[in-house]
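*Asks:* Listed below are the residues making up each chain.
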Amino acid sequence: MHLKYESIVREPLVDGEKDYHQVTEDIISPIEMKPGRMWYVGFFFSVALLLFGVFSVAWAVYWGLGTWGVNKTIGWGWDITNFVWWVGIGHAGTLISAILLLFRQGWRTGVNRAAEAMTIFAVMCAGQFPIFHMGRVWDGFFVLPYPNSRGPLWPNFNSPLLWDVFAISTYFTVSLLFWYSGLVPDFATVRDRAKTKFRKMMYGLASFGWTGTAKNWQRQEALALVLAGLATPLVLSVHTIVSFDFATSVIPGWHTTIFPPYFVAGAIFSGFAMVNTLLVISRKILHLEDYITVGHLEAMNKVIVLTGSIVGVAYLTELFMAWYSGVLYEQAAFQWRILGPYWWSYWAMMTCNVVSPQLFWVKKLRRNIPFTFVMSIVVNIGMWFERFVIIVTSLYRDYIPGSWAYYSPQWPEVGFYLGTFGLFFTCYFLFSKYFPVIAVAEIKFILKTSGESYKKKMKHIEDMTEEEFVHVIETHHEDEEVPHHA
Amino acid sequence: MTERFEVPARLKTTSIALIAIGLIALVIGGITLLGGNEFDKTRFWVVLLQDAIFFTLITTVSVFVQAAASLAQGSWIVAYRRVPEAIGANVWLFGLIMLVVSFIIVFVFKIDGHNPIYEWVYPKGDKILEGKSAFLNPGMFAAFSIITIGLWSFFGLKFRAMSLAQEKAPKGSTKIYWNVVRLSGAFLLVYALSQMSTTPWFWIMSTQPHWYSTMFSWYTFASAFVSGMALILLWVVYLKNQGNLELVNKEHLHDLGKFMFAFSIFWTYLWFDQYMLIWYSNQPEETVYFKLRQQGPYSIIFYGAFIINFCMPILILMSRPSKRNYFTLTFMAMVIIFGHWLDFYQMLMPGPLGSNWHINFYEIGIFMGFVGLLIFAVSRTLSKASLVPHNNILLKEAVIHLS
Numbered sequence: 001m002h003l004k005y006e007s008i009v010r011e012p013l014v015d016g017e018k019d020y021h022q023v024t025e026d027i028i029s030p031i032e033m034k035p036g037r038m039w040y041v042g043f044f045f046s047v048a049l050l051l052f053g054v055f056s057v058a059w060a061v062y063w064g065l066g067t068w069g070v071n072k073t074i075g076w077g078w079d080i081t082n083f084v085w086w087v088g089i090g091h092a093g094t095l096i097s098a099i100l101l102l103f104r105q106g107w108r109t110g111v112n113r114a115a116e117a118m119t120i121f122a123v124m125c126a127g128q129f130p131i132f133h134m135g136r137v138w139d140g141f142f143v144l145p146y147p148n149s150r151g152p153l154w155p156n157f158n159s160p161l162l163w164d165v166f167a168i169s170t171y172f173t174v175s176l177l178f179w180y181s182g183l184v185p186d187f188a189t190v191r192d193r194a195k196t197k198f199r200k201m202m203y204g205l206a207s208f209g210w211t212g213t214a215k216n217w218q219r220q221e222a223l224a225l226v227l228a229g230l231a232t233p234l235v236l237s238v239h240t241i242v243s244f245d246f247a248t249s250v251i252p253g254w255h256t257t258i259f260p261p262y263f264v265a266g267a268i269f270s271g272f273a274m275v276n277t278l279l280v281i282s283r284k285i286l287h288l289e290d291y292i293t294v295g296h297l298e299a300m301n302k303v304i305v306l307t308g309s310i311v312g313v314a315y316l317t318e319l320f321m322a323w324y325s326g327v328l329y330e331q332a333a334f335q336w337r338i339l340g341p342y343w344w345s346y347w348a349m350m351t352c353n354v355v356s357p358q359l360f361w362v363k364k365l366r367r368n369i370p371f372t373f374v375m376s377i378v379v380n381i382g383m384w385f386e387r388f389v390i391i392v393t394s395l396y397r398d399y400i401p402g403s404w405a406y407y408s409p410q411w412p413e414v415g416f417y418l419g420t421f422g423l424f425f426t427c428y429f430l431f432s433k434y435f436p437v438i439a440v441a442e443i444k445f446i447l448k449t450s451g452e453s454y455k456k457k458m459k460h461i462e463d464m465t466e467e468e469f470v471h472v473i474e475t476h477h478e479d480e481e482v483p484h485h486a
Numbered sequence: 001m002t003e004r005f006e007v008p009a010r011l012k013t014t015s016i017a018l019i020a021i022g023l024i025a026l027v028i029g030g031i032t033l034l035g036g037n038e039f040d041k042t043r044f045w046v047v048l049l050q051d052a053i054f055f056t057l058i059t060t061v062s063v064f065v066q067a068a069a070s071l072a073q074g075s076w077i078v079a080y081r082r083v084p085e086a087i088g089a090n091v092w093l094f095g096l097i098m099l100v101v102s103f104i105i106v107f108v109f110k111i112d113g114h115n116p117i118y119e120w121v122y123p124k125g126d127k128i129l130e131g132k133s134a135f136l137n138p139g140m141f142a143a144f145s146i147i148t149i150g151l152w153s154f155f156g157l158k159f160r161a162m163s164l165a166q167e168k169a170p171k172g173s174t175k176i177y178w179n180v181v182r183l184s185g186a187f188l189l190v191y192a193l194s195q196m197s198t199t200p201w202f203w204i205m206s207t208q209p210h211w212y213s214t215m216f217s218w219y220t221f222a223s224a225f226v227s228g229m230a231l232i233l234l235w236v237v238y239l240k241n242q243g244n245l246e247l248v249n250k251e252h253l254h255d256l257g258k259f260m261f262a263f264s265i266f267w268t269y270l271w272f273d274q275y276m277l278i279w280y281s282n283q284p285e286e287t288v289y290f291k292l293r294q295q296g297p298y299s300i301i302f303y304g305a306f307i308i309n310f311c312m313p314i315l316i317l318m319s320r321p322s323k324r325n326y327f328t329l330t331f332m333a334m335v336i337i338f339g340h341w342l343d344f345y346q347m348l349m350p351g352p353l354g355s356n357w358h359i360n361f362y363e364i365g366i367f368m369g370f371v372g373l374l375i376f377a378v379s380r381t382l383s384k385a386s387l388v389p390h391n392n393i394l395l396k397e398a399v400i401h402l403s
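Quick mapping for you: the protein sequence lines, in order, are chains A and B. Its first residue numbered 1, the first sequence is counted upward by one per residue in our numbering. Its first residue numbered 1, the second sequence is counted upward by one per residue in our numbering.
There may be inaccurate statements among the hints.
Simulated pairs of lysine-lysine, BS3-like, Cα-Cα distance not exceeding 25 Å [stated by the list, open to error]:
no., chain 1, residue 1, chain 2, residue 2
1, A, K363, B, K175
2, B, K175, A, K459
3, B, K171, A, K457
4, B, K171, A, K4
5, A, K284, A, K459
6, A, K197, A, K34
7, A, K302, B, K175
8, B, K175, A, K457
9, B, K175, A, K364
10, A, K4, B, K250
11, A, K459, B, K168
Simulated restraints, written as ranges between beta carbons of each label pair [as the list claims (entries may be wrong)]:
no., chain 1, residue 1, chain 2, residue 2, range
12, A, Q331, B, F338, 54 to 60 Å
13, A, G140, B, P321, 45 to 51 Å
14, B, Y326, A, E25, 44 to 50 Å
Derived from the structure by calculation, the hints contain no laboratory data. For each residue, glycine too, the CB sits at the ideal point set by N, CA and C.
Build out the structure end to end from the sequences listed, making use of the hints.
*Replies:* What follows is the structure in structure tokens.
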């Protein structure tokens, strides 16, 4: 059977002397305690932001979208920018939970739970924007293709905007199921430790009567595999379809074939940055430094420099092709984008997304926590500008100079955006209080291979010659100590 | 352990026979085609160009895979790492052929004042081509090609040399290991600026110089990547059947099977994106590309490549047992390499040859020649060192690797 061994060149994924009980203790105990003062401050601040968002949206719904700054030329503004931005952020969770699972990346276990939660909250935020962008939001259900009393009137199946409805709702459902199925065993752990009746009942309900039998685990693992298999194409499809919203058009700056993979790369880029923003804070406040190590942050930063560079290649390709195409309008679109009145947004995007992440080639900076935190925010500023650049600077110089326009957001749009931050962080604060922010069961799964104290005990395996090692593997049985002198 | 690989006489004979077939095809092609009309002459050169590009790109994939695995600290590849090393150490050979063929086409090949393969060489009177001449000109083509192939070859040789040096390093020394990681980062940058962008524009896309697609290079990469993985798999299975690579088991093969499966779907994803967006927006300057391929004489290759490269892998490689079966994997690897060779064929030919394509003794013979050369060169490199990367830091992990 299988030998628990990992090379010394890999740094441990769990620091310190830990056994299974200690892992449970470290991760579950914050749920059982009263949250600290900072939690309350943050939580109420988030709720306040959320309420301001509700007010701003109510205002726009009551008075109409004329209260927004969008105009006839620039029909999409902050609303769609924010929609794409939030959806993109959501991608990291699925990437970590599904794709890194397929690639057998052990370090995902430290960050997947929080990342998946973040995905769900981000998609919730994203969904608000197209819904309220409809204007007459009470007719919003028209997007659903059901047999109706409107005669032969169906939604336009040829429109990528409708594909969005299906893609995002499916994605949300699968992400939620995936996240929840992983939570079930951990909820059962909280239930079993519960000291109060109420807590026991609530976590008992949430854990669906999980007993931890072999059959339970077998089914849970089968479900996880099925969902991972579904989620992997889904995560690609969502941002692909979002990119189709633009790329299927004939608008210069929008219609370009590289959009789908480049949007997906950009989404992962911003999502990983957001995970870093949250984890740098969470690990500190919840004292989880042993589980979310500097190594974890470094791995995330490596993905950031990779995806940032992919996005960079795409920007340059786009720019080059605009010139290479020989099409006047393509060339003009990019000229206006870079040198027009919105030049600052283009250069903000380039600096934050392509230039500054290159600093992560330096190992010292990848492992520097304050720098990681600052960069995680810089990246998300850059990715917000990317969407703003694509949307606004492709539209504002129309074919007819008479309809050239400029756009600035009005307060209800800004309020709407701030409100989604409120929603996002309200959810995240509740999550970090009531849910185990790290997958306890999954940490236990890797503990004896990648835990610091266990790795120290592997020294004699590391010292074996290759022949001895192969010999040990051939004769080794589970539960057996590896002999020190093979 | 049978760590050393001695090139079996049969393999050597086969490879030399294939090279001989290639040379015969070249000579007969030279006599009949070069003596023929404009179309024949174009066919003579463009077929050589297609194979030179295809084999250069798929061998470079081995360099890329090593770099990616080193950066990700992947131990899955270590048990058979000598295979991509040996393929990567021969990039220079195909690169050299590519340089010779493409330079002859760019600098020498000329019929009635124009170049039927790379039209932009003589853009006279064509406003669009004149607009692109800052990029599409022989000097730039030559410079980019030399730099690209030079760097790819260098990294291919360097990675192998470093891996061999690790064998002689003190036991457990990680100095070379981290140097390889650093160099891998550098290679990825080079690869991003060549294979993932400029190289396919110059070598392939410019055969229809009016047409453009931002996706094109990534699409070409996907096509090359999946064939490159299939090529590695074929060597691993062959060596395994020879009694070598004792540490490699079904877990390792399963990984390669997953790569072939997943990246066949990735290729299809990019294929669909490029096709669908051009179809949907329906602008003549873009649709011209598919007009020629999908409707008319190329349609059989166009649809054929799609069926071979998508329908077959997804149906056959989906299940777990098929990714652990030597026969299925070997069969699918050959199918995938052939399918993507066809894909490169349909990328390259419609521009220079118009609607008159042939896959005949010449095309097949030249392809076989390249295959022979690949077998000959790679097997020779493989035989020069142990097949087990001794003293590799991740070797023990590779032994107990689970797919």
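*Asks:* Is the distance from the Cβ of A/G140 to the Cβ of B/P321 consistent with 45 to 51 Å?
*Replies:* holds (47 Å)
*Asks:* Determine whether the Cβ-Cβ distance between A/Q331 and B/F338 falls within the hinted range of 54 to 60 Å.
*Replies:* Given a distance of about 41 Å, which is not inside 54 to 60 Å, the answer is violated.
*Asks:* Please verify whether A/K363 and B/K175 have alpha carbons no more than 25 Å apart.
*Replies:* With a Cα-Cα distance of about 16 Å, the restraint between A/K363 and B/K175 holds, given a limit of 25 Å.
*Asks:* Straight-line Cα separation of B/K171 and A/K4 no greater than 25 Å?
*Replies:* holds (22 Å)
*Asks:* With the threshold set at 25 Å, check whether the alpha-carbon distance from A/K284 to A/K459 stays at or below it.
*Replies:* Violated, at about 31 Å.
*Asks:* Mind checking the alpha carbons of B/K175 and A/K459 for me, to see if they're no more than 25 Å apart?
*Replies:* holds (19 Å)
*Asks:* What's the verdict on A/K302 and B/K175, does the C-alpha distance respect the 25 Å limit or exceed it?
*Replies:* Answer holds: A/K302 to B/K175 is near 21 Å, not above 25 Å.
*Asks:* Has the given pair, A/K4 with B/K250, been kept, meaning a C-alpha gap of at most 25 Å?
*Replies:* With Cα atoms ~20 Å apart, A/K4 and B/K250 stay inside 25 Å; holds.
*Asks:* Would you check the hint for A/K459 and B/K168, treating anything up to 25 Å between C-alpha atoms as holding?
*Replies:* holds (22 Å)
*Asks:* Is the Cα-Cα distance between B/K171 and A/K457 25 Å or less?
*Replies:* holds (19 Å)
*Asks:* Against the 25 Å threshold, does the CA-CA distance of B/K175 and A/K457 hold or violate the hint?
*Replies:* holds (23 Å)
*Asks:* What's the verdict on B/K175 and A/K364, does the C-alpha distance respect the 25 Å limit or exceed it?
*Replies:* holds (18 Å)
Violated hints for the displayed structure, listed by number in ascending order: 5 and 12.
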